[in-house]
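J.: Sequence:
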Amino acid sequence: MIDWSAFLVVTAASLFSAAVLVSLYSLGLRLLTTAGRIPLVEPHEFTGAITVLSPEKAAKQLKRARKAAAANPLTPALKSLALLAGYACFVLCGIAVLYGVYLILPALHR
Numbered sequence: 001m002i003d004w005s006a007f008l009v010v011t012a013a014s015l016f017s018a019a020v021l022v023s024l025y026s027l028g029l030r031l032l033t034t035a036g037r038i039p040l041v042e043p044h045e046f047t048g049a050i051t052v053l054s055p056e057k058a059a060k061q062l063k064r065a066r067k068a069a070a071a072n073p074l075t076p077a078l079k080s081l082a083l084l085a086g087y088a089c090f091v092l093c094g095i096a097v098l099y100g101v102y103l104i105l106p107a108l109h110r
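Here the UniProt record's numbering is used: the first residue of the sequence shown is 1, the next is one more, and so on.
Simulated from the structure, these hints should not be mistaken for laboratory data. Hints may contain errors.
[What the hints assert, rightly or not] Each pair of labels, with its calculated beta carbon distance range:
1) Ala-69 <-> Tyr-99: 30 to 36 Å
2) Ser-54 <-> Leu-103: 40 to 46 Å
3) Ser-80 <-> Met-1: 55 to 61 Å
4) Met-1 <-> Arg-64: 56 to 62 Å
5) Ser-54 <-> Leu-108: 43 to 49 Å
6) Leu-103 <-> Ala-70: 41 to 47 Å
7) Thr-11 <-> Lys-60: 40 to 46 Å
8) Pro-55 <-> Tyr-25: 24 to 30 Å
All C-beta atoms in this analysis are idealised placements derived from N, C-alpha and C, irrespective of residue type, glycine included.
Required output: the full structure, derived from the provided sequences and hints.
T.: Now the structure itself:
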């Protein structure tokens, strides 16, 4: 017999944890861009990968990102605080994923 209440608990927990992980990751990216660390990967860094952007478009995006970073009104202290908070969000994401793996694998409960 299926325990439907346990099924609903697992469903609610997985939806909640997925929403928390996505929110933490997106907040971390937002804080990194606020701090001036634009997560833009230039195509020449991955020589064997398929590039979505042409080198001209990537250069234009990088120029736009540098211009936006220069126009940032935050003080250097606030930028470093935003950078630290962004990295903290990524660390919390990693901890949450590792905890989820711990909960799934019964061999780790000994």
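J.: Give a verdict on every hint.
T.: Each hint, compared with the structure:
1. Ala-69 <-> Tyr-99: 30 to 36 Å: Once the Cβ atoms are compared, 34 Å apart, the range 30 to 36 Å for Tyr-99 and Ala-69 holds.
2. Ser-54 <-> Leu-103: 40 to 46 Å: Roughly 44 Å apart at Cβ, these two residues keep to the hinted range, so it holds.
3. Ser-80 <-> Met-1: 55 to 61 Å: Holds: the Cβ-Cβ distance is about 57 Å, inside 55 to 61 Å.
4. Met-1 <-> Arg-64: 56 to 62 Å: Since the Cβ atoms of Met-1 and Arg-64 sit about 59 Å apart, the hinted range of 56 to 62 Å holds.
5. Ser-54 <-> Leu-108: 43 to 49 Å: With a Cβ separation near 46 Å, Ser-54 and Leu-108 satisfy 43 to 49 Å, so the hint holds.
6. Leu-103 <-> Ala-70: 41 to 47 Å: holds, 45 Å
7. Thr-11 <-> Lys-60: 40 to 46 Å: holds, 44 Å
8. Pro-55 <-> Tyr-25: 24 to 30 Å: holds, 28 Å
Comparing the model with each earlier hint shows no violations; every hint is respected.
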